Amino acid sequence: DGGITQSPKYLFRKEGQNVTLSCEQNLNHDAMYWYRQDPGQGLRLIYYSQIVNDFQKGDIAEGYSVSREKKESFPLTVTSAQKNPTAFYLCASSELDTQYFGPGTRLTVL
Amino acid sequence: GESVGLHLPTLSVQEGDNSIINCAYSNSASDYFIWYKQESGKGPQFIIDIRSNMDKRQGQRVTVLLNKTVKHLSLQIAATQPGDSAVYFCAENSGGGADGLTFGKGTHLIIQP
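Protein sequence lines, in the order shown, are assigned to chains A and B. According to our numbering, the first sequence is numbered sequentially starting from 265. According to our numbering, the second sequence is numbered sequentially starting from 788.
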């Protein structure tokens, strides 16, 4: 069953903690992306990676970090430096221009 | 359409009617467009795409129309069903940069029984 998986579905974090969101794909896509979605707003790009061991900052990278050690995996760490981390986080991968999304992780800061 | 604050534009249609959702895109250099459907609490789902060398493309119960002159994209859903209730948003490739797509804020489609 091919696709993009994200875990966990729900994540709760205390202020000052770092948390890591998982994103895995078995579509053999080279490019992967992380977006943040807030109510009533469009998707905002956090980080993207076009190839293994390479990634670039998106529009709102401050307070986040990523790694791309394997083609299938693109984890996102939300650090304590992110001042307003409560949001819905979406991972995507792409074949050429078309992006396909995972089911999302809802992060709530307590 | 555009949204203000936390509220998305809403389109309410009767079950069985046709729905038309509109999107104004920003970059005249964009040459690829996608419509996504997002149900509450889920990730966006690809519906249909179109390249700029086309004006119209049809899928199963859906049609996308592209008007490059006024930078306007529309999604038509035929015979709307309760399962069509979702937020629909468009995306453009904004000139094909490595950072991918630019997304609209979306329109909330509500199906009345």
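Hints in this document: simulated from the structure, not taken from any laboratory. Incorrect hints may have been included.
[As the list claims (entries may be wrong)] Heads up, incomplete: computed chain A residues facing chain B, CB under 10 Å, no partners named:
{"hint": "1", "residue": "Val283"}
{"hint": "2", "residue": "Pro303"}
{"hint": "3", "residue": "Gln305"}
{"hint": "4", "residue": "Val373"}
[As the list claims (entries may be wrong)] Derived contacts from chain B toward chain A, CB cut-off under 10 Å, selection only:
{"hint": "5", "residue": "Tyr823"}
{"hint": "6", "residue": "Gly828"}
{"hint": "7", "residue": "Phe833"}
{"hint": "8", "residue": "Ala878"}
{"hint": "9", "residue": "Ile897"}
{"hint": "10", "residue": "Pro900"}
As the structure is a computational prediction, the values presented were derived from the model and not from experiment. Here a beta-carbon is modelled for each residue, glycine too, at the ideal position from N, C-alpha and C.
Interface hint status, alanine 878 of chain B versus chain A (Cβ within 10 Å) = Given a least distance of 8 Å, the restraint on alanine 878 of chain B holds.
Does the nearest C-beta of chain A fall within a distance shorter than 10 Å of the C-beta of phenylalanine 833 of chain B?
-> holds (6 Å)
Closer than 10 Å between Cβ atoms is the bar; does tyrosine 823 of chain B clear it against chain A? Give me holds or violated.
-> holds (8 Å)
Should the hint that glutamine 305 of chain A touches chain B count as held when the rule is a Cβ pair under 10 Å?
-> Cβ of glutamine 305 of chain A sits 6 Å from chain B, so the hint holds.
Holds or violated: is there a CB of chain A closer than 10 Å to the CB of proline 900 of chain B?
-> violated (26 Å)
Hinted contact valine 283 of chain A with chain B - closest CB pair below 10 Å | violated (19 Å)
Taking the least C-beta to C-beta distance, is glycine 828 of chain B closer than 10 Å to chain A?
-> holds (7 Å)
Agreement of hint proline 303 of chain A with chain B interface, Cβ distance less than 10 Å = With a minimum Cβ separation of about 5 Å from chain B (threshold 10 Å), the hint on proline 303 of chain A holds.
Does the nearest C-beta of chain B fall within a distance shorter than 10 Å of the C-beta of valine 373 of chain A?
-> Violated, about 18 Å.
Hint check: 10 Å Cβ-Cβ cutoff, isoleucine 897 of chain B to chain A = Since chain A brings no Cβ nearer than about 16 Å to isoleucine 897 of chain B, farther than 10 Å, the hint is violated.
Comparing the model with each numbered hint stated earlier shows that hints 1, 4, 9 and 10 do not hold.
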